[in-house]
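S.K.: Given the coordinates of chain A, work out where chain B should sit on it, guided by the hints.
These protein sequence lines map, in sequence, to chains A and B. The opening position of the first sequence corresponds to residue 9 in our numbering, with each subsequent residue numbered one higher. The opening position of the second sequence corresponds to residue 125 in our numbering, with each subsequent residue numbered one higher.
Just so you know, the hints here were simulated from the structure itself, not pulled from any lab data. Quick caveat, the model's predicted, so the values are computed rather than measured. Ideal Cβ placement from N, Cα and C applies to all residues, glycine included. A few of these clues could be false.
To be verified - Think about it this way: if two alpha-carbon atoms lie no more than 20 Å apart in a straight line, the pair counts; the simulated DMTMM-like pairs of lysine to aspartate or glutamate are: (1) B:Lys328 to B:Asp318; (2) B:Lys564 to A:Glu26; (3) B:Lys564 to A:Glu22; (4) A:Lys33 to B:Glu565; (5) B:Lys564 to A:Asp117; (6) B:Lys474 to B:Glu415; (7) B:Lys328 to B:Glu359; (8) B:Lys328 to B:Asp281; (9) B:Lys474 to B:Asp442; (10) B:Lys474 to B:Asp432; (11) B:Lys328 to B:Glu362; (12) B:Lys678 to B:Asp614; (13) B:Lys678 to B:Glu565; (14) B:Lys474 to B:Glu422; (15) A:Lys33 to B:Asp556; (16) A:Lys33 to B:Glu561; (17) A:Lys94 to B:Glu534.
Said to hold, decoys possible - Coverage of chain A stretches by chain B, computed from C-beta distances (three or more under 8 Å per stretch; other residues unrestricted): (18) 49-61; (19) 106-117.
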Amino acid sequence: MTGLRLVAVVDDDESVRESLPDLLKALGFRANAFASAEDFLSSATLAETNCLILDIAMPGMTGPELHQELQRRGLFVPTIFITALKDETVRPHLIEQGAVDCLFKPFSDTALQEALGSALPSE
Amino acid sequence: MDIELAHLLDSLPAMVWTAQPDGHVNFINRRWLDYLGHPAGRAAQWDWQALIHPSDLSAVVAQWRSVVATGNAANIETRVRRSDGRYRTVLMQCKPIRTEQDEISRWCVTSIEVDASRHRGQALAADPDPQPKPSGADDLRLTIDRIPTAVWSARPDASADFFNQHFLDYLGVPLEQALGWGWTHAIHPDDLPDLFDTWIALTKSGTAGEAEARIRRYDGQYRWFLLRASPLRDESGEVVKWYGFNTDIEDRRQMEATLRRSEAFLAEGQHLARMGNLSWRVASGELIWSEPLYRIYEFEPGTPVTLDRVAARIPPEDIPMMADMVEGARRGSMEIEYQHRIVLPDGRIKHLHFIAHRATDREEVEYIGAVLDITQRKVADEALEKVRSELAQVTRIMSLGALTASIAHEVNQPLSGIITNAGTCLRVLSADPPNIEIAKETARRTIRDGNRAAEIVTQLRALFSRKAAALQAVDLNEAAREVLALIAGDLQRGQIVLQAELTDRLAPVRGDRIQLQQVIMNLLRNATDAMQEIDDRPRLLSIRTEDGADDHVKFTVRDAGTGLGTENPEQIFQAFYTTKSDGMGIGLSVSRSIIESHGGRLWAEPNDGPGACLSFTIPQYSLADPAIPGASSAQPPASLELS
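Just chain A, with the same shape it has in the complex (with noise of 0.2 Å):
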């Protein structure tokens, strides 16, 4: 299991934080869920997330605002931003800032497994 690649869930919603893993797992990665983006920036596994779901709206630090720190700290993690907001002018506005994709809940397990393809691709 140690060759699989690390998944990083943010989001406050706890039905994501406990659904999304198992998904993860099943398309074949390892998964972390946090509940904050401060939780995961403290994190002993920021390092070596190979790729980042982020919900956009939460609590303190927003997902756009935790991806903007990260890129601020030279970590370039691949990124796809999920939000239950469907405002199709953000999605745009998020590849611009260097996001792999913007998905709107509820999506489908074939769209984020897409989106992860782009995300990572096989070596």
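M.R.: Then chain B, alone, in the frame of chain A:
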């Protein structure tokens, strides 16, 4: 008569005789005797009557007796035989001389020859004796000098030859300076050319006339005078003399000026305030308008005004209002206040506000009133109202947008969990070997999240419902009138003709007033929106209330708009069905849920002609039956905006 006095009288350059209090002549002075060619000598027994023209004698005797009897000063004019034997007209001024006890001690008569072709005034003016006689402080000349008016005379060539003392005193110049054309120096330079022209024209035409001019007083102040002149003609019709008098009209002028000024102020004020005023005698129909009011109505100033003429300016739909106003006036109400529109011949519309109160100090019903042109205010109000209405619409759409976003967010969270879990479940079950434990766990979470979503929907419904419908007796007429007042601006802007048939003594219904008003508002808005594009027929909006069958009250809105847009009227009550490009299509479905929660029914029918008709019925309010089926259980979204 003492000698000294006789000498004095004799030396006077005037013809004087005196008489006893009883009228007997007792003295004739030298000049008289010379005039008559009478031998010198004291003439106590002088037969003066022999010198009077025989035709005049009886009249003169009678006059003299009358003068003596009354004791008053008087003038007697008669022809007297002069020393040359010719008769000349002589004016005799008879004055009583009184003692300190006010008894007549003597009569003093001064006589002046008046040329037959001359008027006595001229003769007096030309009297070479400028000094008053010692005894006659009030002789005619003195009288003329003292008359508190300016008296003058002029030659036929228009040059002045006499001014009385009063006028000279006014001018503050001696006679010589004023004579001829000297007086013109006292005329105000601005008035002189006109006055001069008038005066010359008069003397040329020989007709009496008048002019007004400012004349300088001795102290330099100019005052307005009315100058009047009339000619004296001889037998051949030639003008031989001009007589005139000038009346000081300064005070009148000032009053006129003050009046003109205050009238001008009033007119200017009315003009600025776009106001006119009027008096109206209702019984006779007599209307008196101020000039600014003519301008407001754009009638020819001064032309007679009648109610019919006014009514011709009023658009047909405002005529009933005017009729009400006139009816009120005929009943004699104390105050009138009414707003109306007028349409001018070129199609412009003015909004007017008429206020009047009844004058109480007369028997006839008369109103004194003012009309204000409030068009500009009205136009500004309408513009403001339009902006407000648009703003409200934008706010409505925005709040609706924010609302749906928030609903979407709340619902999407559990949906997201459901879909992810279901996806995971499928994947782990189809894996080899299937991971049953994870599948069971994700299925369990799917159910949990499904319940969570349902819970959110319930909470949302609770959030947007009233905790309890505020049930009360509602007068649908009153509720409708309030809504009409709210959207009056929209109706006017949309050029909607409103026909409201609100049945008198309508039974109250039991319900939530606000919710019912939302329904009425929604029906009216739909109707007006449906007529927005209609140009080939009147945009007629009829609303009607009536008592319906089975103790229900019926409310109907009928428009002449684009119709229902469907064969099946029921379709329009489905959520998100709309014929409007900018509508959400939830108004009618919400309206129906409100009406149904009141135990009523809302339905639509096409009109025979163009347009649609929407009606609802709801049960009457009844004390015996306080419960309304569904009213408290079904909770219609009261605060959702209807569009």
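S.K.: Next step is simple, just say for each hint if it's right about the structure.
M.R.: How the hints compare with the structure:
At most 20 Å may separate the alpha-carbon atoms for a hinted pair to count; Lys328 (chain B) and Asp318 (chain B) meet this at roughly 15 Å. Taken as a hint, the Lys564 (chain B) and Glu26 (chain A) pair is honoured in the structure, with Cα atoms around 14 Å apart against an allowance of 20 Å. A threshold of 20 Å between alpha carbons decides the hint, and for Lys564 (chain B) with Glu22 (chain A) the separation of about 18 Å falls inside it, so the pair holds. A threshold of 20 Å between alpha carbons decides the hint, and for Lys33 (chain A) with Glu565 (chain B) the separation of about 14 Å falls inside it, so the pair holds.
Our distance criterion of 20 Å between C-alpha atoms is met by Lys564 (chain B) and Asp117 (chain A), whose separation comes to about 18 Å. This hinted pair checks out: Lys474 (chain B) and Glu415 (chain B) have alpha carbons roughly 17 Å apart, not beyond 20 Å. For the hint linking Lys328 (chain B) to Glu359 (chain B), the alpha-carbon distance of about 18 Å falls within 20 Å, and the restraint holds. Of the supplied pair hints, the one linking Lys328 (chain B) and Asp281 (chain B) holds, its CA atoms being roughly 9 Å apart against a limit of 20 Å.
Restraint check for Lys474 (chain B) and Asp442 (chain B): the C-alpha separation of about 13 Å stays at or below 20 Å, so the hint holds. Taking the CA atoms of Lys474 (chain B) and Asp432 (chain B), the gap is near 18 Å; set against the 20 Å cutoff, the hint holds. Restraint check for Lys328 (chain B) and Glu362 (chain B): the C-alpha separation of about 11 Å stays at or below 20 Å, so the hint holds. With a C-alpha separation of about 25 Å, the suggested pair Lys678 (chain B) and Asp614 (chain B) falls outside the 20 Å cut-off, and the hint is violated.
Of the pairs offered as hints, the one joining Lys678 (chain B) and Glu565 (chain B) is violated, with about 57 Å between alpha carbons and a cut-off of 20 Å exceeded. This hinted pair checks out: Lys474 (chain B) and Glu422 (chain B) have alpha carbons roughly 11 Å apart, not beyond 20 Å. Restraint check for Lys33 (chain A) and Asp556 (chain B): satisfied, since their Cα atoms lie roughly 14 Å apart, inside the 20 Å limit. For the suggested pair Lys33 (chain A) and Glu561 (chain B), the alpha carbons sit about 14 Å apart, so the restraint of at most 20 Å is met.
Restraint check for Lys94 (chain A) and Glu534 (chain B): satisfied, since their Cα atoms lie roughly 12 Å apart, inside the 20 Å limit. With 0 residues bearing a CB less than 8 Å from a CB of chain B, the stretch 49-61 of chain A misses the requirement of three and the coverage assertion fails. Counting residues of the stretch 106-117 of chain A whose beta-carbon sits less than 8 Å from any beta-carbon of chain B gives 6, enough to reach three: the coverage restraint holds.
Checked against the numbered hints given earlier, this structure breaks hints 12, 13, 18; the rest are met.
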